[in-house]
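**Q** Sequence:
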Amino acid sequence: MKSRADLMALLASLGAETSTVDHPAVFRVGEGEEIKAAISGAHTKNLFLKDAKGQLWLISAADHTQIDLKRLHQVIGSARLSFGSAELMEATLGVTPGSVTAFALINDQADHRVRFVLDRVLAEADRVNFHPLTNTATTGIGQPGLRAFFGAVGVAPMIVDFSEMAVVG
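Per numbering that gives the first Met the number 0, the very first residue in the sequence shown carries number 0; after that it's consecutive.
Derived by calculation from the structure, the hints in this document are not laboratory data. For each residue, glycine too, the CB sits at the ideal point set by N, CA and C. Check each hint, because a few of them may be wrong.
With a straight-line Cα cutoff of 35 Å, these simulated DSBU-like cross-link-like pairs (lysine-lysine) come out [as the list claims (entries may be wrong)]: (1) Lys52 / Lys69; (2) Lys69 / Lys44; (3) Lys1 / Lys35.
What follows is a list of derived Cβ distance ranges for each label pair [claimed, not checked]: (4) Pro143 / Arg70: 26 to 34 Å; (5) Glu86 / Glu33: 28 to 36 Å; (6) Lys52 / Ala24: 31 to 39 Å; (7) His111 / Ala78: 16 to 24 Å; (8) Phe82 / Ala11: 29 to 37 Å; (9) Asp21 / Arg79: 37 to 45 Å.
Let the hints inform the model, and build the full structure from the sequences given.
**A** So, in structure tokens, the structure goes:
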């Protein structure tokens, strides 16, 4: 599995402009509000899900976005969704609960077992903040760098407008 150092090396090789702030561990949305206040850009929450047919999903949404998990499967075209286990998350994305992040897709680039859904708010934000494979830091990245990362790991995000519960584009 790739490490934080591997991720940062990939982002640097792509010419992505990033800034990383180390901080105490943050496990849930709502924790670390003072940390977020000091970091510019859109902040995220990330959900690792598994559908009833075994397909894995990673959802990255703006931190205060309401996600209706009972309806989401209809929007993204999956079977009913539930949270994936910590063991499955670690085996597929190489991260532990509290550290799940879109950057963890670096660890799924060979198998592509995980389908990725990105909140429209994040897709349109100038700068987006994710944990760099650990919940003891936050890395901000601009849209050009984020798109380059997705391209490098072979991911085409499904963009969802969670306020409308609809796929965009």
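**Q** Given the range 31 to 39 Å, decide if the beta-carbon distance of lysine 52 to alanine 24 lies inside it.
**A** holds, 34 Å
**Q** Is the distance from the Cβ of aspartate 21 to the Cβ of arginine 79 consistent with 37 to 45 Å?
**A** Because 38 Å falls inside the window, the suggested range holds.
**Q** I want to verify a distance hint. Is the separation of the beta carbons of phenylalanine 82 and alanine 11 within 29 to 37 Å?
**A** holds, 33 Å
**Q** Below or equal to 35 Å on CA atoms is what counts here, so check lysine 1 against lysine 35.
**A** It holds: about 25 Å lies between the C-alpha atoms, which stays within 35 Å.
**Q** Is the hinted range of 26 to 34 Å satisfied by the C-beta distance from proline 143 to arginine 70?
**A** Holds, since proline 143 and arginine 70 (Cβ atoms, about 33 Å apart) stay within the stated range.
**Q** Is 16 to 24 Å right for how far apart the beta carbons of histidine 111 and alanine 78 are?
**A** holds, 18 Å
**Q** Taking 28 to 36 Å as the hint, is the beta-carbon distance of glutamate 86 and glutamate 33 inside that range?
**A** holds, 32 Å
**Q** Assess, step by step, whether the Cα of lysine 52 is no farther than 35 Å from the Cα of lysine 69, and give holds or violated.
**A** holds, 16 Å
**Q** Is the hinted pair lysine 69 and lysine 44 satisfied, with a Cα-Cα distance of at most 35 Å?
**A** holds, 18 Å
In the structure shown, no violation is registered for any of the earlier numbered hints.
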